[in-house]
Each structure stands twice: as C-alpha cells, then as structure tokens.
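One letter stands for each residue in the lines below.
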Amino acid sequence: MRILLINTALDHCVTALSEGGKIVCSLETPGRRAYANLLFRQIRELFDADTVAANEIDGIACVNGPGSFTGLRVGLAAAKGLALVHDLPIAPVNTLLNCCLTMYDADVRERMTPLPSTWYVSLLDARNERLYGAAYAAPVSDRPHWYIEHEPWVGAAADFFDCLEQRLTDGVVSLVGGRPNCRPERLVIGWAGARPEYFPTEEELTDRFGLEIAMRSGIYGFAETLVEMAVPVLSGMLPTAEADEIAVLSDEVDLPSTPKRVELTAVNAGNLLPLYVSLAQAERFLATSPSLPNS
Amino acid sequence: MATKTPREAAAEITAKTPTNDKQPTMILGIETSCDDTAVAIVADGRRVLAEHIASQDELNRLYGGVVPELASRRHLEMLVPVTKKVLRETDLTWSDLSGVAVTYGPGLAGALLTGLSFAKALTLATGLPLIGVNHLAGHIAANYIDTDLEPPFLALVVSGGNSQIVRVNDYVDFEIRADTRDDAAGEVLDKIARELGLGFPGGAAIDAYALKGVPTALDFPRARLDTGEFSYSGLKTAALQWLRRNDLGEGELREGRLADFCASYMQAVVDPLIDNLRAELSASGYGTLGVSGGVSASRFLRRELRILAEETGIKLHIPAMRYCTDNAAMIAAQGYFQLKLGSGIYPGDLDAVANLTL
Chain A
0 MRILLINTAL DHCVTALSEG GKIVCSLETP GRRAYANLLF RQIRELFDAD
50 TVAANEIDGI ACVNGPGSFT GLRVGLAAAK GLALVHDLPI APVNTLLNCC
100 LTMYDADVRE RMTPLPSTWY VSLLDARNER LYGAAYAAPV SDRPHWYIEH
150 EPWVGAAADF FDCLEQRLTD GVVSLVGGRP NCRPERLVIG WAGARPEYFP
200 TEEELTDRFG LEIAMRSGIY GFAETLVEMA VPVLSGMLPT AEADEIAVLS
250 DEVDLPSTPK RVELTAVNAG NLLPLYVSLA QAERFLATSP SLPNS
Chain B
0 MATKTPREAA AEITAKTPTN DKQPTMILGI ETSCDDTAVA IVADGRRVLA
50 EHIASQDELN RLYGGVVPEL ASRRHLEMLV PVTKKVLRET DLTWSDLSGV
100 AVTYGPGLAG ALLTGLSFAK ALTLATGLPL IGVNHLAGHI AANYIDTDLE
150 PPFLALVVSG GNSQIVRVND YVDFEIRADT RDDAAGEVLD KIARELGLGF
200 PGGAAIDAYA LKGVPTALDF PRARLDTGEF SYSGLKTAAL QWLRRNDLGE
250 GELREGRLAD FCASYMQAVV DPLIDNLRAE LSASGYGTLG VSGGVSASRF
300 LRRELRILAE ETGIKLHIPA MRYCTDNAAM IAAQGYFQLK LGSGIYPGDL
350 DAVANLTL
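As they're listed, the protein sequences go chains A and B. Under numbering that gives the first Met the number 0, the residue at position 42 of the first sequence is numbered 41, and the numbers go up by one with no gaps. Under numbering that gives the first Met the number 0, the residue at position 161 of the second sequence is numbered 160, and the numbers go up by one with no gaps.
Only chain B is shown next, with the shape it has when bound in the complex (with noise of 0.2 Å):
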C-alpha cells in the first residue's frame, strides 16, 4: 500500500461521501511538559493526521538532563515553527479544526505554561474552545490512536515522571491504584545509566544490557507496600551502594557483570509493577491492559508484561512507540473524548499545574 502524505490523509478524511456525509472533529493537540515541543492535529480522537516533535536531546545530553529555564526557552522558539508545519501538511485552517488541546500538567512549571499560554492565544484568535488535558490522561489515551479500543480498561503508565496503575473507567473517569511514592521507575533507570557513564536518557542502554544478562544474578530490595505504592528509592540506593563497593572489571569481565547487573536491576524495577498489575487485574475484572509511556519502550519490561498477559489471559495493548513516549497525538486524542463529553473546557482561566493529578 502507498504510503500517503498527511495532506492526501487529511483530504480522504475531511472529504464528504455520499455515504458519510459527517465531517471528524479535528483536534489540535500541544504538548511541553517536558522538554519535547509537540504539536500534531487528529481526526475523531484516533487517526493522526501529522504530528511534529521538537526534541532537545542535543541540550539534554550536553547537560547531562533536561535543565527547565532551557526547556522552556526552546518551547517559546519552537511553537510558532511546529504548529506551522503540522498546519501546512495537513493543507487545514484554523476554521476546519474544533478544538486546541493542551497540556496543564504534570511537568515542569516553565515548560507548561509557555505552551499552555501559546493555545490561550490559539483560541482566544480563533474562538475555538481550551481543552486541558493532563498530561497522565494523555499517555493513556495514546491507548486510542489507530485502534478500536474503548474504556473500561487498566492503563499502566511508566515513564520518567510516573508510574501509575489506573484504572479507566470512561475516558475521563480515571481511579489511580497504584503509584510511586517516591521516584518514577524511568527515573531510577535514568539516575542508574548517568552513575555507569551510559548517558542520558539511559533507559535504553540499561535494557539492552538487561536483556543480555541473569536476573537473579544480584538480589536487590522489593519495596513490598501494601497500600499499593510503589517505592524505588531503597533499590536505587542498595543499586549506587553496590556499584561503590564492587569493581565492575574491564572489557568483557565488564560487560558480564554490567548485563548481570542491569537484569537483576530491571527485574527489581518490572517486579513490583507485574505484582501490582496482577492483582489490581484480579481486582477490576478488566480484560485489556493499555501500557504507556517511555518505559514501555523497555524490552525487559514487555517481555514480563507478556508472560502476565498469558498468564492472566488479558488483552496486552501497547501503542507504536512514538505515541508512548511524549507526544501531541495523545494530548489531541484525549481533547477529543473530553470535547465530546463537555469535559476540561475552559472558556476562561486553566493554570499550569505543575503536580497535577489524574
């Protein structure tokens, strides 16, 4: 099959037939919690019609992590060039979109009100409604893009910033099950691979070794909490302590050791997600689990997650990966379901909440 320009996509899908004669609500979605610059438009809260991203990865690793008065600088330089190019793809005008949606948080306070502020002024030029959108609903409602999927389902979200069991009741009706007390399961891995000189983001890195190496090589601490929290800071501790204390070698010695270790390190981190993903699955009765966010990017990670999904016999759903990761699409999508619900519009004020939850 040709591949089509977001242009013909856009025109097959905005064109009237004889037999749909209903025109899709396009969103437009904008994305800058973090460091990303994101903007993308998308049909009916499930096929995108183009999506740019703004990467700082080049600032990112010159600093050795994302630095948020940079972040937000390079969001208020990048906005007005990214919206302009998913626009000209998608040959729309403002007037053929129904909605801006934009991320309110969670993420960095600078970051999200410099993109939050662009789409206050998107709307107030162009009268279409502010759909808020946090950035956690968001992830799961990548769950959305290219499928047919529809809620009650359970969303696992890791990433930098979260970890969050939720359960997905509707698409605006969210129960959070379990969540970290401390830090997020991509930040462990992150602090990890910038201690073993693997860059940053080292999530990668540390998985390609996992991958190679025994799990049960090194016992690190299972935070067990009952309350359904997770808590990672002891493993990342017990983790820098044993890194202090033992001489990973040179060479191939090196290599063995540093695989052993990421696996038993990852089996640490994926351990108490699996446990609490069984039982919350028991619990709600849910046959689909949705999984979002940069961490599900992990090999490590999915291979368990599939031998839980067999186990249990529920339906695995994991996005492409471009829409786990940061990204508009899933802004758009989720602004989509909430226009349509009359959910997080805002006619007037929307604060940037740095410590939003879900």
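One chain only, chain A, in its complex shape (with noise of 0.2 Å):
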C-alpha cells in the first residue's frame, strides 16, 4: 500500500510518500505558513523523485486539525481534489495524537532502558492564552494500544492543566477502552514552535503534580507517525470518513454575537481512531445536545 502523507497543521509543510508502513520519500520545509504553493510544489517534486504518478497511490493521509486555519485548508481542499480524481481513500489524522506519537518514538530511540509508564501530553496555542491539548498514554510494550487520558479540548490554558491534574489525582479509569487505573510515573509535554508564556514551566508542573515532567518544544509530528495511524484506517481494518464528511477539526470559530456561539468540539470516534468533525455534524451535533456549552 502506498500512501502520500500531507501535514500543514503547524510551522512545518510535511509531506511524504510512504510505501508498506515505511517512508521512501519525505519533503519537509520549516517555515511560517506559505503553503498555498509550497504543498503543491513538495507533492509534485514528491511524485518526481519517486517517478510515481498520482493514480499510483493507494490513499491518502491527512492531518485535519487542530492548527493553522490555512494551512488546514489547504492540506485538506489538497487531498480532496487529488482523492477526488483518482477514488482514494483519506485518512484524516489528529494533529495533537500524530504529535504525542512524534514524542513517543523520539522517548524510545533516546532511552536505552524500558520507558516507565508516560502519558504524553501535545499542546498548541489557540491564542488568547487558550490552548489545544490531548493526554495519551503509551503502555511500555504493547505499541498499537493508545489510550485518551484526555480528549482533544480545547479552552483556557489553566483550566486544561487543573483537568488534567484531576486525572492524575482521581485515578479513575480511562474515558475509553476500560483500562485499569494507572497513574503514570512520567509526563512528556510538547509543543510546536517557540514556547508560549502562558504554558506553565517543567518546574512548575513538577511541583504541581509530583511526577517526572519532560518538556519538548518542536513537535510537528512526524510523517513516520502519520503513516501509522493511517494504514490501519486506509486497509480498511478501521471505518474511514467519506471525503465530504472530512473537515477542519474542532476549533472555535468567532462568530456574531447572534444567535448563539458555535463551539466547534471534536466529536471522538474512538479510542484510536483519529478524530474528525465536519460542520455539518458539529451543527447536527449541537441541535440535538443540550449540555455542549453555548453562551
């Protein structure tokens, strides 16, 4: 199965071919987001290098959110004209999941010894001191097995960590998959791009929850990652969306004060699944649940 891999979620325009789970051929250009040509540029260059042609690939993987608004657009209007012509599937991928298993896989190749049990925490500044954050725990030996610790959200930076320190306190059972209680020894925190003032510092978060606290700045997600959390959705092993169903994820869009503010939240399709939410159903979603805030 071969499958062209697309991320402009974030500061980095990734995109990668990959063939049988592995990467052959990846461009990635760090930079602010002038992805408007530059996707397309990679994707061609892409097609060139590895003399593959578009009707080649077998599907589609695509980061949908949270993110750049643009970026996202583009990605995602990318993949829907390339998937239209050629009846591909898509894989539309998490953004904050892709990145904690960017975090995972730097964690095994730095550490000889067994990895005590982490959860990985991915953050992204939504501006106004608000932020983008999921938790995932990572069992040591057993790879495929992710658990949400804690949902794709998004909210006050305060309110994310007060949650999240809930969590850990609580020790309730996981939100999904019936795991047992299991506080981690470890938390890996990361971010894209420069470290915004409102996130809390390691010291801080060491004082506050008593753990192991690593920080990591820099985490785009890798096209490794992507290629993992697509193929078991691309082979058909998990439901995919269909391309029209497929939309930016979760963010807040400012609206007119009338009649009532939409928040756009993730609807989660599974414990592994990636996440994906369209308009449609967001608004479908809000007219028939009343306990979703709305101001």
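Please note: incorrect hints may appear among the correct ones.
To be verified - On the chain B side, residues computed to face chain A include the following (Cβ under 7 Å):
{"#": "1", "residue": "71"}
{"#": "2", "residue": "84"}
{"#": "3", "residue": "88"}
{"#": "4", "residue": "112"}
{"#": "5", "residue": "116"}
{"#": "6", "residue": "117"}
{"#": "7", "residue": "124"}
{"#": "8", "residue": "125"}
{"#": "9", "residue": "259"}
{"#": "10", "residue": "263"}
{"#": "11", "residue": "352"}
{"#": "12", "residue": "353"}
{"#": "13", "residue": "355"}
Stated by the list, open to error - Label pairs and their calculated CB-CB ranges:
{"#": "14", "chain 1": "A", "residue 1": "40", "chain 2": "B", "residue 2": "169", "range": "43 to 53 Å"}
{"#": "15", "chain 1": "A", "residue 1": "211", "chain 2": "B", "residue 2": "92", "range": "55 to 65 Å"}
{"#": "16", "chain 1": "B", "residue 1": "302", "chain 2": "A", "residue 2": "44", "range": "52 to 62 Å"}
{"#": "17", "chain 1": "A", "residue 1": "108", "chain 2": "B", "residue 2": "93", "range": "36 to 46 Å"}
{"#": "18", "chain 1": "B", "residue 1": "93", "chain 2": "A", "residue 2": "23", "range": "22 to 32 Å"}
Rather than coming from a laboratory, the hints here were simulated on the basis of the structure. Beta carbons: idealized from backbone N, C-alpha and C, even for Gly.
Grab the two chains, each in its own frame, and use the hints to assemble them into the complex.
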C-alpha cells in the first residue's frame, strides 16, 4: 500500500510517500505557513523523485487539525482534489495524537532502558491564552494500544492543567477502553514552535504533579507517525470518513454574537481513531445536545 | 421543445458528426470567492453543460451576513460533492476536459484559497492546465453564455462587492473606466436593508419597495466625482440619518413611506451609474452594454438601463439571472477564452489575491 502523507497543520509543511508502512520519500519545509504553493510543489517533487504518478497511490493521510486554519484548509483541499480524481480514500489524522506519537517515537529512540509508564501531552497555542491539548498514554510494550487520557480539547490553559491534575489524582479508569487505573510515573509535554508565555514551566509542573516531567518544543508531527495512524484506516481495518465529511477539526470559530455561539468540539470517533468532525456534523450534534456549551 | 438532461446535452455536443468533427473544448469552472460553492462545466465558453451551486444562505441568514471562516469551511465540505454531481450529470470524465478554471480573486482570502487549492490538486492529479480567473472578468464573461456576443463592448458589473464600468476591448483586455471608491452598490443596499429589518441579503426587498414609491420624494445626495469614481458612503450615511430622525410610522402609512424612501434611495444609487455609463458610452463609441453582478437583478436598475438604451440607441445585454449572481459557469466561460488566448495559465504557483483588480 502506497500512501501520500500531508501535514500542514503547524509551521512545517510535511509531505511524504510511504510504502508498506515505511517512508520511502519525504519532503519537509520548516518555516512560516506559506502553504498555498509550497504544498503543491512538494507533492510534485515527491512524485517526480519517486517516479510515482498520482494514480499509483492507494490513499492519502492528511492532518485535519487542530492547527493553522489556512494550512489545514490548503492541505485538506489538496487531499480532497487528489482523492476525487483517483477515487482514493482519505485518512484524517488528529494533530495532537500525531504529535504525541512523535514524542513517543523520540522517547523510544533516546532511552536505552525501558520507558516508565508515561502520558504524552500535546499542546498547541490556540491564541488568547487558550490552548489545544490532549493526553495519551502509551503502555510500554504494547505500541498499538493508545489510550486517550484527556480528550482533544480547546480552552483556557489553566483549565486544561486543572483537568489533567484531576485525572491524575482521581486515578479514574480511562474514559474509553475500560483500562484499569494507571497513574503514570512520568509526563512528556510537547508543543510546536516557540513556547507560549502562558504555558507552565517544567518546575511548576513538577511541583504541582509530583511526577517526572519532560518538556519538548518543536514537535510538529512526523510523517512516520502519520503512516502508523493512517494504515489501519486506509487498509479498511478501521472505518474511514467520506471525503465530504472530512473537515477542519474542532477549532472554535468567532461568530457574530447572535443568535448563539457555536463551539465546534471534536467528536470522539473511538479510542484509537483519528478524530474528525464536519461543520454539518457539529451543527447537528449541537442541535441535539443541550449539554454542550452555548453562551 | 423537450428539455434535455445535462447528460443528453453533453452527449450531443461531444458527439462527432460528419459535418462537425471539431471536438468542443470543455472547461471545469470552480468559484468560491464568497459564500457560494459553485462548480460548472462549459463547452466552448458559451454552452453550459452542467452547473451546481451549494449556497450558504441559511448560515448567512442566521448570522446576518457572511462569516468568512464558516464560508471557508463550508467550501471545503461542499467542493467534492458539488464537483461529483456536475461530472455525474454530464457523464464526462477528466480526460474529456481541457482545463480547470478557478477564481483566484477578488474575494474572501480563506474562501478563495480553499477553491484554488482544490483546483490545483485537480490539475496536479489530471495534468490539465490550471486557469486562474479574475472574478470580475468572470462576471463580464457571463455575457458570453448562450449568446454570440463578442468584445469589444462596455460592461457594468454591479454586485455586493463591485460597482464598475469596464471597457472590454478583448476577452482578456479590460479597462476600468469608473469604479467605486468606497462601498459597492450591493453593499449599501444590504446595509440599509438590515437597518430596515428587511433581512439579509436585502437588496431584493428594497428593490420591490422602490418600484412602488416616488423616486423624487426624498433628496439623497449623489457624489459627483469627475474622476470616474462612484462614492456611496455619503449616501449611506444620509439614508441612515434620515431613518434615525424620521418615524416611518405603522401599517399602510409605513408601507407608503418605506416605498418612497426605497425609491428615492434606489434612484440615488442608480443615478451615478447611469451618468457614468452615458458618458462612457459616448466616449468609447461601443454599441453594446453588458450588465452583470447580483444587483443587475434589480428591476429598478433595469428600468433605468432600458431608458438609457432607448435614449442612446445601444444594445442592452443582461445575462440570465443565475449567471448574474456568483456562479461557476462564468468562470469556466472566461477560462475557455483565456485558454484559447494563452492568458492566465499557471503551470506552477498561483496565489489567492483577496483584493485583485481587473
């Protein structure tokens, strides 16, 4: 199975081709978010370098957020256009999960000794002192089983950490999957780009949680981890979404004050699945769910 | 005459006959400059084989206007189903097409970028040429649909975003002769309609009232600028002030006052257009005036244009209503002529330009 991988959610424009779950060719441009032309240049170059035509790929994995509105829009529109012409499936991949897997990969490579039980926390600046955050746990020897410890979420930075602390102290059973209570020994917290001022420091978090804390900056999500998440979806092991159902994930949109503020919240499509929600889905969801925030 | 399905029409047009072995050139057009997601296939720049528009009117009504971020998201969701529908209806495949034409400006940056990125991916996947079309050139090209009209002619483009008088010297050669320096005609209509509680977009409601009122009832200012510019901001302010200072009353009284207000207001919107057109028609010597853009739906404006046409003896051309408002057929039509003339074909980079001019 040959997959085209696209990640335009953050400050790196990541494109790659994979075959049999391995990256065979990748192009990555760091820098600011000028994707409008860059992405297409990179995809062309990839196809040329690997002498592959667009009709010779079997599927597309595309990060669908959260992240830069502009970047995501270009990436998803590109994925959809290519998929439409060659009738390809698209696997949408959550930015936060991808970044957690990237941190895990780096962890495994760096540490010779077995990893202690670790939660990986991925943070993204959502502006106005808000952040996108998610936490996933990786049992040491059991790579495929990732558990959502903190669902992808957007809100005030302080609230996120309060919520995370609650989960750590309560030690409640994981939200999905019925996994037994397992308090981690260690937290790895990472984000893309420069560290926003309102993110807590390593010392603050060590004091607060009483755990080993490791902070990682410049986490953009590897192409390798994209493949890992896309293969089960594209090979039919996990359900995929119709191309028109795939939309930018979970960002809050500033709307005029009337009649109501629609908070687009991620719909959890399963413990191991990438998350996606379309605007239409979100609206239907909001219409039937009074428990969601409406201010 | 029995109406043909798009599929039958496409089959007929693409079929080779002994007398006509020239295959028509078919262009896929994509338009996402504002809130409508539109895709169309047009043959030889004049015959529309299929078209589909996904509108966001409900969302717009909900928020009293277009919300750019929602518009962009809706485009991203609608582009695939709308394109599929157009292809399915015509039974055409990618290899039957000769190019993909897409609006790259002016418009909402995020909305433009979504359609443009989608179009780039289509051309990357198919090898078809990418034709970048200026939305305003598209509005002018609406005049070619279902007609034999050829440049040169004079064009009036009046919509929510534009009020321009353009000399169309050739399919790709435009000369702006008059333009708005602030608000566009459609924009001021929508603002006043919102103030009057007539909904969004409210141009049609104002137009309906205007036809029943006395255009000379109120004296609104016309900005007389000798530089070929319109200005509607003074008019908008004057109208809003009038509404604040005067009570429209209730019931029948209100209806009558509202009609007079709207008629006087429309007259003040239309007068500078007509004045500039009259001057430009005589200066250019062009014998045809093509009118397009959403405001060309206005019966009040059409009445004044007909009077102008009778006075000056020019041919007045207004495309079918669905090609006056934003649509993809006009983009495909303009794309066809650009492809033929080798203008605006982009093998590589093309940026969305929110403030693109002709």
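Against the structure, the hints:
1. 71: With a minimum Cβ separation of about 6 Å from chain A (threshold 7 Å), the hint on residue 71 (chain B) holds.
2. 84: 11 Å, violated
3. 88: 15 Å, violated
4. 112: Check passed: Cβ of residue 112 (chain B) comes within 6 Å of chain A, closer than 7 Å.
5. 116: 4 Å, holds
6. 117: At about 4 Å, which falls below the 7 Å cut-off, the nearest Cβ of chain A leaves the hint on residue 117 (chain B) intact, so it holds.
7. 124: Where the cut-off is 7 Å and the nearest Cβ of chain A is about 4 Å from residue 124 (chain B), the hint holds.
8. 125: Residue 125 (chain B) check passes; min Cβ-Cβ to chain A is 6 Å, inside 7 Å.
9. 259: At 30 Å from the nearest chain A Cβ, residue 259 (chain B) fails the 7 Å test, so the hint is violated.
10. 263: 30 Å, violated
11. 352: Where the cut-off is 7 Å and the nearest Cβ of chain A is about 11 Å from residue 352 (chain B), the hint is violated.
12. 353: Since chain A brings no Cβ nearer than about 12 Å to residue 353 (chain B), farther than 7 Å, the hint is violated.
13. 355: Where the cut-off is 7 Å and the nearest Cβ of chain A is about 14 Å from residue 355 (chain B), the hint is violated.
14. A:40 to B:169: 43 to 53 Å: 32 Å, violated
15. A:211 to B:92: 55 to 65 Å: 59 Å, holds
16. B:302 to A:44: 52 to 62 Å: 58 Å, holds
17. A:108 to B:93: 36 to 46 Å: 43 Å, holds
18. B:93 to A:23: 22 to 32 Å: 27 Å, holds
Of the hints listed earlier, those the structure fails to meet are numbers 2, 3, 9, 10, 11, 12, 13, 14, in rising order.
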